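Combine the two chains into a complex, taking the hints into account.
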Amino acid sequence: MSRTQFAADADAAVADVADGATVLIGGFGAAGQPVELIDALLRQGAKDLTVVNNNAGNGDVGLAALLAADRVRKIVCSFPRQSDSWVFDELYRAGRIELELVPQGTLAERLRAAGAGIGAFYCPTGAGTPLAEGKETRVIDGREHLLEFPIHGDVALVKAHLADEFGNLVYRKTARNFGPVMAAAARTSVVQVSDVVPTGSLDPEDVVTPAIYVDRVVRVGVAA
Amino acid sequence: MTVQNTDRGPLSKDELAARVARDIPEGAYVNLGIGRPTLVADHLTPESGVVLHTENGMLGMGRAAVGDEIDPDLVNAGKIPVVETPGASYFHHADSFAMMRGGHLDVCVLGAYQVAANGDLANWHTGAPDAIPAVGGAMDLATGAKAVFVVMPLFGRDGSPKLVRECTYPLTGVGCVSRVYSEEAVLSLGGGEVVVEETWGTTVAELQAKLPDLVLRGR
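Quick mapping for you: the protein sequence lines, in order, are chains A and B. Counting the first sequence from 1 gives a position; our numbering is that position plus 3. If you count the second sequence from 1, position 43 lands on 30 in our numbering, and the numbers rise without skipping.
The following block holds chain B by itself, in its conformation from the complex (with noise of 0.2 Å):
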């Protein structure tokens, strides 16, 4: 059964990143994205066992390094000083990628500008013609990873749908995204249906009647 949480109102971001947490499952070798995706590691706790990469060559990273412990040459990749865990390892990129590509990383997490019902995922460009565009590692992550999670609104700041039946945005891969988490809802992809997993502030029907060119499903 879908869990409708009607008696209170959306996630919190904190809640969000707590939710998404909840769902990387113990022991995982997991990469958290730039920005909110980030913010998903602080909600894992040591006894989960979860190692975190970070695509500049580190397994075993930490937290943000604060005082004494900044180093420029310990980064994450947005370039934040963060700190080494017990375990920790470094290597060099081409390492790096093949733990993606190879298909060791269990999870990756992942902001989105859309998302599209068959798991098609766009998140590196606008499209507009005047944006610079920048891939990073997005696309080698969408690629590689066993499962992609992305953390994004449902809607736009206009009120369209971001969760959509084909993306209108260049993609960043194809039918990769496995969940998206979203302050209303969690839902899943896969064989092209959208399964509502949970849901904060709303129900199934009222999603349903705000997403006209998907059809949404209960469990």
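Here chain A stands alone, though its shape is the one from the complex (with noise of 0.2 Å):
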């Protein structure tokens, strides 16, 4: 047995996510996003959430149906404007919903960093450019640097394909994205997976993260 829980349902899995939390959601677009879990914390009713995730939501459902329920104060992310973002794009246009916007790499360095107990970094990306305003600079072998946070989450909502029940994690395909890093990024990792298998059927060379990472398991469905 290991540390890592495993939920009944996804209800059960983020019942306690509080009120003003950061959550970090994984996903790029709809791969890896964890769609049952949004929606346990969208029946759950936690608000003034800040969301870490790459995009701000795809079309009306999983966290485009979050901001639409108004529970999301402010959202960190590389990329918001896509052609079925109506929902972030309306929220935004009306002052509703906070941005900060942060390269994509950056994005995934500050998430990072917090798990790996990184107090800050200094980064090339974005010197010279508007993101870089209000950001402390340093030129390294005679190139600008920005001083770069780490981005902690109270929580991590993540999708991987398979946990054994030790919880360890392997994905799939590009659907891997910023699963790892967001579960060491979080006080409490929350992973759904299509299937829990047998301590000792996953091979150690392919574990992709150790369960040390993961504090909650919930399996919602049937492999793809």
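In short, the hints are calculated from the structure, not lab data. Errors might be hidden in some of the hints.
What the hints assert, rightly or not - Within a straight-line C-alpha distance of at most 25 Å, the following computed SDA-like cross-link-like pairs (lysine to any residue) qualify:
hint, chain 1, residue 1, chain 2, residue 2
1, B, K66, A, D92
2, B, K133, A, I143
3, B, K66, A, Q85
4, A, K77, B, P116
5, A, K138, B, A121
6, B, K66, A, K138
7, B, K133, A, D92
Unchecked claim - Restraint-style ranges between C-beta atoms, simulated for each label pair:
hint, chain 1, residue 1, chain 2, residue 2, range
8, A, K138, B, G89, 20 to 30 Å
9, B, G143, A, V64, 31 to 41 Å
10, A, A15, B, S(-1), 38 to 48 Å
11, A, S86, B, R144, 13 to 23 Å
Only a predicted model underlies this, so the values are computations on that prediction, with no experimental measurement involved. For glycine and all other residues, C-beta sits at the position ideal for the given N, C-alpha and C.
Below, the structure is given as structure tokens:
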């Protein structure tokens, strides 16, 4: 047995998310988006949330539904504007949601830094652009860098492919995206998987996210 | 010598993509931006050994998926379903962008609103007050790839030049663009110089007349 808990369903898995929490939500568009956990968070009712995701919701489901229900105060993302991001677009233009725009690689690295216990780091991305405004800078090897701080989550909602009963995770193809760094960056990581397999049936060489980063697992369906 | 192809008109979109593909070295690791840069993939042969990187965590990305190949867990940066090629690998987002910033990608091909003669790139934000800014991976690519190629028309719909002395749109990266590919010409940038490599349906002199703020040089 490991410390990883297995929740009965998605609602139980997100029952303790508090108002005002910072919620890291995995996925790149629809790939890797933990839709069942987001729907459960919508039912659970937590509000005033700060959401960290690469995008700002697609269509009317998942993250977009959470935004539409006015649960999100602020979104931290790299690419909010998409052909089907009408929910975010309307909230943003009405001044009803705050946006922190972060270059995608800086977003990933700030999450990685949080999980890895790094206090801050210097990154060249964005130097000399409007996204450098207000940031400390330093010239290293003749090149300007920006001081970037970690993004810690209160909770991470992640979609993986399989968990073993120990809590180790493997992902599927490009649905891996932000999952591993978000699982490590949150105080509580909640992972939805297609299936849970017996301990020992995942090759330890293949484990992508070791159970130490996984607090809670919920099985939401059969493997695709 | 700059080749001036005056016996024909400007390149088609497809010919332009093929021209970009010709300049990608064999065996290069390459990231193609969303939109027109994606067309370059159609002109890269397996024999070239070029490996495509997609920012959402994959090397060895293949063509667009069709029919039963479509898998919602396997998409490109534009969220379009794609296929794997032999030798493909998957990795998480922090690793994917470490590949960019760490200087491991040989070439990236991007679109742009504006490019300046010194290589400054503007492609993420029009600066309009009601525009919703979206940067994605553009700044990371501009900063990290060894060579940044831009595919764009040389002139906007209103005829104003997109290759300029100084960008008026918000910058994506500083001094990062080394080549601009358009229907009329391929241009190399470096040291503040604009060198015309090849033209189609026009001459260096005609381009110079349409870009009075810049000093163009032939080869």
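* Hints violated by the structure (numbers, ascending) -> When the structure is compared with the hints, numbers 6, 7, 10 turn out to be violated.
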